[in-house]
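Starting from the given sequences, assemble the full structure and let the hints guide the process.
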Amino acid sequence: GAVVSQHPSWVICKSGTSVKIECRSLDFQATTMFWYRQFPKQSLMLMATSNEGSKATYEQGVEKDKFLINHASLTLSTLTVTSAHPEDSSFYICSARDDRGGEAFFGQGTRLTVV
Amino acid sequence: EDQVTQSPEALRLQEGESSSLNCSYTVSGLRGLFWYRQDPGKGPEFLFTLYSAGEEKEKERLKATLTKKESFLHITAPKPEDSATYLCAVSRTTDSWGKLQFGAGTQVVVTP
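In order, the protein sequence lines correspond to chains A and B.
Quick note: my numbering has the first sequence finishing at residue 139, numbered continuously throughout.
Quick note: my numbering has the second sequence finishing at residue 639, numbered continuously throughout.
Nothing false has been slipped in among the hints.
Below are the SDA-like pairs computed for lysine to any residue, each with C-alpha atoms no more than 20 Å apart in a straight line:
(1) B:K569 <-> A:Q62
(2) A:K44 <-> B:G568
(3) B:K569 <-> A:L50
(4) A:K65 <-> B:P567
(5) A:K65 <-> B:R539
(6) B:K569 <-> A:H31
(7) A:K79 <-> B:S623
To be clear, the hints were calculated from the coordinates, so they are not data collected in a lab.
Predicted model, so just to flag it, every value in this text is computed and none were measured.
Here it is as structure tokens:
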């Protein structure tokens, strides 16, 4: 199946700092990518829809100024967690769907720990 | 309000003991229902997409079926490597392709 690469796999940062997570579609173009968050023992919750060349669409309750999304090319979307706090510690996962069709494929996830 | 409910929350099977997982959904305008497998600390791995009631798909020991209200994932003669959390998700016709609403998942443990 299609490959979606997410980097880094894990990151530890100090409270108040910002962290950037990258999501790349390696063998296809994706105009739209998606960012999810997963807390321990819970399912994936959609945070935002990332649109190439335009603003991201955020789900209700997700702070757009805290979770900055940039989708500058058809193969790369980034999520920046700004002024991170311990409650932002979570597993962040991106997904992308080939513009030519088919299912959405997921990255391997990023474990963020804010200390 | 759209809902996706999976049962049971957890399932412990002996190797070779077949069983079924349930995903009940209430969605206005279903485009497709998806099954994913998720291993600890990893992103979900795609298994199946079902688009219409009566549709069935198979892959090795897994078979997914769909009705107008629910989907089942049947695991036949499971092996320890089938241990994982199985996630059900739906896509609406009014949403972008690839935008999914997930159920809470069923954690499956298969013991030798």
